[in-house]
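J.: In order, the protein sequence lines correspond to chains S and X.
Position 53 of the first sequence, counted from 1, bears residue number 53 in my numbering, the numbering being contiguous throughout.
Position 10 of the second sequence, counted from 1, bears residue number 10 in my numbering, the numbering being contiguous throughout.
Worth double-checking, as some hints may not be accurate.
Below, simulated BS3-like cross-link-like pairs (lysine-lysine); rule was C-alpha separation at most 27 Å, straight line [to be verified]:
(1) X:K121 <-> X:K22
(2) X:K22 <-> S:K157
(3) S:K157 <-> X:K3
One side of the interface only, derived from the structure: several residues of chain S facing chain X at Cβ under 10 Å [said to hold, decoys possible]:
(4) E14
(5) L16
(6) G17
(7) R18
(8) R33
(9) I36
(10) S37
(11) M39
(12) Q40
(13) T41
(14) S43
(15) S44
If you are wondering where the hints come from, they were derived from the structure by calculation, not from laboratory data.
Each residue gets a CB set at the ideal place from its N, CA and C atoms; glycine is no exception.
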Amino acid sequence: MSVVLLESAVVHYEALGRGRPVLMLHSWVGSWRYWISAMQTLSSTYRVYAIDLWGFGDSTKLPDKGHFENQVALIDRFLDQMGIGRIALVGHGLGAAVGLEFARRNADFVDRVMTVGYPVRSGALELRLSQVSLNEAAGWLLGDVDGVDAVTAEASKANAVVIQQCLAEMPASPDWNNLPTCLLVNGGNDPLAAPLVASANQVLPQHCHEFYLDQAGHFPMLEDDLRFNRLLMEFLALGSGESPRSLQLKEEWKRRVR
Amino acid sequence: MAKILIAEDEHDIRELITFTLKFAGYDVVAVPNGQEAVEAAAREIPDLILMDVRMPIMTGYEACQKIKENPEVKDIPVVFLSAKGQEAEIQTGLDVGATEYLLKPFAPNELTDRVQALLEKAGKK
Numbered sequence: 001m002s003v004v005l006l007e008s009a010v011v012h013y014e015a016l017g018r019g020r021p022v023l024m025l026h027s028w029v030g031s032w033r034y035w036i037s038a039m040q041t042l043s044s045t046y047r048v049y050a051i052d053l054w055g056f057g058d059s060t061k062l063p064d065k066g067h068f069e070n071q072v073a074l075i076d077r078f079l080d081q082m083g084i085g086r087i088a089l090v091g092h093g094l095g096a097a098v099g100l101e102f103a104r105r106n107a108d109f110v111d112r113v114m115t116v117g118y119p120v121r122s123g124a125l126e127l128r129l130s131q132v133s134l135n136e137a138a139g140w141l142l143g144d145v146d147g148v149d150a151v152t153a154e155a156s157k158a159n160a161v162v163i164q165q166c167l168a169e170m171p172a173s174p175d176w177n178n179l180p181t182c183l184l185v186n187g188g189n190d191p192l193a194a195p196l197v198a199s200a201n202q203v204l205p206q207h208c209h210e211f212y213l214d215q216a217g218h219f220p221m222l223e224d225d226l227r228f229n230r231l232l233m234e235f236l237a238l239g240s241g242e243s244p245r246s247l248q249l250k251e252e253w254k255r256r257v258r
Numbered sequence: 001m002a003k004i005l006i007a008e009d010e011h012d013i014r015e016l017i018t019f020t021l022k023f024a025g026y027d028v029v030a031v032p033n034g035q036e037a038v039e040a041a042a043r044e045i046p047d048l049i050l051m052d053v054r055m056p057i058m059t060g061y062e063a064c065q066k067i068k069e070n071p072e073v074k075d076i077p078v079v080f081l082s083a084k085g086q087e088a089e090i091q092t093g094l095d096v097g098a099t100e101y102l103l104k105p106f107a108p109n110e111l112t113d114r115v116q117a118l119l120e121k122a123g124k125k
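Chain X extracted, bound-state conformation (with noise of 0.2 Å):
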């Protein structure tokens, strides 16, 4: 079962989230900032990372950088979460070794159509 971090400020999505990708078969890990994505990646070590943009404490852009700087999990795929008309970001968060972008909205199968995509691409799935 592959193990998914989810990182995302907003209560209502990180539920709706991990509710979506538990019951689609994935181990779900979400925390609510940056700092402890940072802190659950190097203790979960998961298959994949989504990750919201603009979050408390530490920014998505922040955290992506530490990840990677982190050999034991820099190679985990970081997938950036960040809301139609904020295209501009996806650029930045390339630039500190985002993956891929999703963006916001969009519908639960989306999402885990996406996420095995993500997950058979990078091998683990």
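So here's chain S without its partners, still in its complex pose (with noise of 0.2 Å):
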């Protein structure tokens, strides 16, 4: 296990592959383990990190550490303590609102990012977790998916009270036009994600473009990884400010290694 002493608090991560830097961030439950496909498959073009955020997997629990606006520092303190300078982000659900939040205020710094599961259906998870455990929840997320141990192993050691502080202070969906070049990428059968609307391309600027992964839920990376995969590895490798409405869903493809 790989940990940094951010504010005398530990935050954990993990990271593989040799590139240009990727920092994968995670969503409401569970932790930086489901983008392990994801990672592994990147890792021969882009060293790939994946933190846990204050309040879950294995880094500090304390819940004041635990507002939006911490977890947004978090990833600034992160950069500079690993020595990152321009980054891809990958952001799903809570990850992808820090992670856009980040990007806004840091432009020279980001260069591209990929949200899943974004943004949220107002109200959706909240009244969901007002009414059962963490877990539970995660079941809610997960559906009938199966071979998902990575998100329900560590669902349990998220901190409720981080995920409500952060639900409260997240901020409304961004201002497009102020964001660098973003993918939207959404599962058709999302509980928890909110359809931009049925012409959301039509609405966001040239550099932004939402897609659907029809068959994926809340976890399209574990439910519909190749394609997934497939659709991240082509996001990261347009050119630098190159708008993403040129990407296309391919089949059944796989990363071997040599």
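Both chains are sitting in their own frames, so use the hints and assemble them into the complex.
T.: Okay, here's the thing in structure tokens:
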């Protein structure tokens, strides 16, 4: 397990591969672990970091660390500590909101952002968490997906207070015009993500694009990993500032070790 | 938790195999050459050894021979990792005591499936 001490508190991260840096930010339940397949895929071309945000996984659980503003600051301090300059961010749910806010404030450091399961449907998770445990909330988000131990095993490690704080403090959907190149990826069966509008791609600026993976829910990186990973690779391979509108979903593809 | 020793000189492949097996739930020890593999096998007593053929200081074949000469570790299954197109190496590996060959390239999921099957065959999982 790899950790850094930031503000005298532990931040857990894992890293794999060699190349331009990519930072993966997890969602409302679970931890860095469900990025494993994506990290393996990207590792031939990129140095991929995945962290546990404050209050999740094996990072510090102190509630006072787990405000939304602190999560954004965590990205800043982590990149500084690791000596990382310009970066691509991949954020899921909470991680998407954190990544977009960091990108808005640090346009010079963020080259592009992929969001997954974002924007969040207002009130849906708050209501669920007020009624059930974190494990049950994870089950609701996962549906009947098989082979997702990476999420269920880590769900109970999260601090529910931190989740509620971040939900309450998360900014409204951003002004996409003030962000770098963005690709929004959503599962057609995601109970949490709120589609922008039917014609989102007519509303979004040219440097942003929304993609649907019809058969996936809240965890397309697990439920439809081959297509998700390919889409991610192709998004990261775009030239800096190039519009993601040219991207297409491709059929089955596997990255192989030499 | 089964312990797996990996001997692979290419850093990126060693790191990816280590990452894949570690987060599949295995205890992993990784070394960059055959000499260190022989030493680590005696020290760590792993349940399975995955070893590249072509490595500096000591090749995989030489390392396998030395492991098989040590009564403390001679029964540990050794699996060679070899690039496709070098299938001629397979018989040499089996002659020096390897249990099986894994041909590179392989996808991470294939690796974990094969490792699990090998451990089950060896009665380690």
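J.: All hints are to be evaluated individually against the structure, with a verdict given for each.
T.: Checked hints:
no., hint, in the structure
1, X:K121 <-> X:K22, "holds, 20 Å"
2, X:K22 <-> S:K157, "holds, 20 Å"
3, S:K157 <-> X:K3, "holds, 26 Å"
4, E14, "holds, 8 Å"
5, L16, "holds, 5 Å"
6, G17, "holds, 7 Å"
7, R18, "holds, 6 Å"
8, R33, "holds, 7 Å"
9, I36, "holds, 5 Å"
10, S37, "holds, 7 Å"
11, M39, "holds, 7 Å"
12, Q40, "holds, 5 Å"
13, T41, "holds, 9 Å"
14, S43, "holds, 6 Å"
15, S44, "holds, 8 Å"
In summary, this structure violates none of the numbered hints.
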